[in-house]
Amino acid sequence: MGIAIFTILLVLVVFLALFALYLLARILKIYARARRLDTMRGYETILYAALQKLTPEKTMETLIPDPDRKALEEVLLRMGDEGPEGLKEKVIALYGLAGFRDMRTRHLHSRRKSRRSDAARRLGRIGDPGCVADLKDLLADAHKEVREAALFALGRIGTREALEAMLDGLDAGGRWCEEKVAEAVEEAGDESRAVLGELLRSGDPRHRAFAAEALGGVGGEEEAAWLEKALGDEQVDVRARAAASLGKMARAASRPVLAAALGDPAWEVRAQAAKALGRIGAGEDAPLLARALRDPEWWVRSNAAGALRELGEKGEVFLVETLWSEDRFAREAAAQALEESGAVERMVRELEEEEGAERGERVIRRLVEIGCAATITQVVSELGPGRLKDRLRDLLEGTLPPELRRAPEDHARSGAGEDEKADEGACGGGTVAGEGEERG
Amino acid sequence: MSPYHLLAYLATAYYVALYSVHLVLLLLGYRAALRWKYTGYIEEAHRLSRSSLVPPVTIAADIDAMGNDVVRWVDRLLSQRFPQLEVLVLCRDPDDPRVGLMVKDYYLRRVDRVFRRVLDSPLPQMVYQSDDRRLTVAVAGGTRAGNLLNLALNLARYPLFGVADRCSLLVEDALLRMVRPLMEAEESVPAVMGVEVPLESEEEGLLPPRRITRFSLMESLRTQLGYMAGAPYLGGPVFACGSFVLYRKEGLFSAGGFLEGPPVLEAEMDMTLRLHRLMLHSGKRYRFVFLPQSVARKSFPRTWREHVQEIRERKRGMRSSLAAHKDMFMRRRYGFLGLAHLPLFWLFVNLAPAIGFASFALSLLFVALGLVGWPVLALFLAAFALYPALLGVLAVAIARRELGLLRGQGALLYGYAFFSQLWFRQLSSLVALAVGRRR
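Protein chains in written order, with this note's numbering: chain F, 8 to 447; chain S, 8 to 446.
Wrong hints could be hidden among the right ones.
Below, a list of computed lysine to any residue pairs in the SDA-like style, where the Cα atoms sit at most 25 angstroms apart [said to hold, decoys possible]:
hint, chain 1, residue 1, chain 2, residue 2
1, F, 120, S, 46
2, S, 44, F, 43
3, F, 95, F, 62
Stretches of chain F that chain S covers, calculated by requiring three or more beta carbons in the stretch to come under 8 angstroms of a beta carbon on chain S [said to hold, decoys possible]:
hint, region
4, 298 to 305
5, 375 to 387
What the hints contain is simulated information worked out from the structure, not anything from laboratory work.
Here a beta-carbon is modelled for each residue, glycine too, at the ideal position from N, C-alpha and C.
Full structure from sequences and hints, please.
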């Protein structure tokens, strides 16, 4: 019993002693951190003031001859992050003079991956272009953290050489690497245009595809011409990305090449071309897009419907026309586009007016006939009793199947009726593309 | 050595082995947390929000899993910083007043949505859509949860598909952090999850007000950091389910979609094993990703009844999913998952309540009858309760240090972590046993 009590007390004492040690360590740590912050604040004040007037060498010699190295490096890194106007080169020089650059470059070859990645990140934060060659080697490192740090650093340096080094790593890095390069390109500004132009002519299809995509964010007349040329590239991915980028640029001058791309053998290119024409928004392209509604590939048809919606009134004419198409998918996609654009809602309300009422009547009848009455049902249910509601009911009387006749009155409870219709393949809420696809 | 001693030592060895596996996984989880930190996950998030290269995401949620205020839930989700996002709300009842509420608040228009029916799913009776197409409400009456998810998959426009469940709210920039593993090319990533914290502690980083929620959180942190974060590095996890999981739509299609009948949790459990199977058959290098960072806030149990209910659902899901994929057990074709994860899961998770109860009762009985001495019982108790309690403390320490969760709670937090493993977990195991028997 005595031994048991002794053991328990011993455990308790050991526990309390460990706890006291832990508290002591924490207090010391907080004290040390406060001291360092104080030192850093001092260095920061000195450096910001001195570097405006003195050379980095003079600053080191006279003002901080014997610095707290950790604090000084941290201050320089923060200055590198902030990139103060006109001081960037001086900060880089000071980092080298204090010996940090040599030390971190040595660490890039360390056996410890954490040391390698840490060194790369620090060099990136300073943004010293002289480190690009060393950092480039790290892009082939076996560890992801290190490669990631090297990408980060090269992106921060952002010179042409750094960008080229990053592009060499594109092959292994996937979408994430493309993202990092795109960020660096964006930050590099004008310099990146020339690099991307060269890249678009590169022998590597991945490089060409990346450049085709990145140029969309850069814009410009010359770049648009390069992209138009890229629509004739042998690789599908390059052509599709070039079409998408031309859509982002939305230049009317690119319309003819995009219209030609609607006849591309690869559906990816046709889909992107349709989308791009929608973004450009020229009504003259509506007939072409209406034809693309009957494309054999789902994405092309879907994008063509979306593009026609974007074209406004001119697109609407063709969407309405497509409601009488024999291709089931084409007419349902057109119906969806008309509903989404608010055109159906407008036509229902126009029934009250003399002008346009006849066309509206015709379209509404057709929409009900092909089983796309969702928006009509919603609009009618929201209408109060009156002439328009009566007229609409009269209009739908002959065309609606019996189970849907009550729908205008209580569309919220139309679930059962529509369910039956849904089973037939053309439901009120969603339309399945399967049949349309086969026909297309 | 008498047979009684042998039995008592066997029980101790069982628990030592169980918690040692946990310790290894916890250390792997800790390593993962450090790794994500080194790769600069948090600071990169804001850059991604402006990128055009980020793959767009569709998030699907059952209206019943969105809490009481559906409009606020949708608002919170739509206000996530993300380049392209679509929210799909699924409803089973055409007369549900919450649908009307959303139609009114978001000016939704009823449309005849054309979609590709890749998976076998019911057709929607009604589809409402916002003008910017970021919010869609689909009503499919009388459909079960798994079917609804398949319908959402068919309706989804984007290549990534997130499933939100259990009233979860995403934390700031969660989507941007979760999408990154799916952009990296090192290995194929079928699904991404992250740490879940209680909704109740949303306003401050404090512990939730109710005791049962606190204990439940401690237990959850141990499971999340001590299993989910580490298991992917060893070919796991057996089940990747949670309040928010992000999948590749293509992967879900190839796996044949979600199981039609069961609730979301069970459908997700089954999907994990199907995705494992798919990846292993294709011979690709793959890894499920569990981000050791908080990504979602979900409703944790507030009463014992809710806690028991949660255990029951989880047990049911595990049992049916493991039974459905029993052909993966001990098969070389399924690698480390089939040879180690699944058998260990059976032994240490499925059978743990029964073995725990039997070993505890027998150890006490042996000591009471004088068949074994008290040091044997002390050893057993140390393995049974003290070891997991220390593991719980370690998990919470990691959560505080690396995840920045619950900072400033000090000794109280560690107290909860310690005691939740000392009695809460044991009692929960017993409850699980009772639940299993009643079924």
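Right, here's what the structure says about each hint:
Of the supplied pair hints, the one linking residue 120 of chain F and residue 46 of chain S holds, its CA atoms being roughly 12 angstroms apart against a limit of 25 angstroms. Proximity of residue 44 of chain S to residue 43 of chain F is assessed by CA-CA distance (about 23 angstroms); at most 25 angstroms being required, the pair is judged to hold. Taken as a hint, the residue 95 of chain F and residue 62 of chain F pair is honoured in the structure, with Cα atoms around 13 angstroms apart against an allowance of 25 angstroms. For the region 298 to 305 of chain F, the proposed coverage by chain S is not satisfied: 1 residues have a C-beta within less than 8 angstroms of a C-beta in that chain, short of the threshold of three.
For the region 375 to 387 of chain F, the assignment as covered by chain S holds, since 7 residues bring a beta-carbon within under 8 angstroms of that chain's beta-carbons and 3 suffice.
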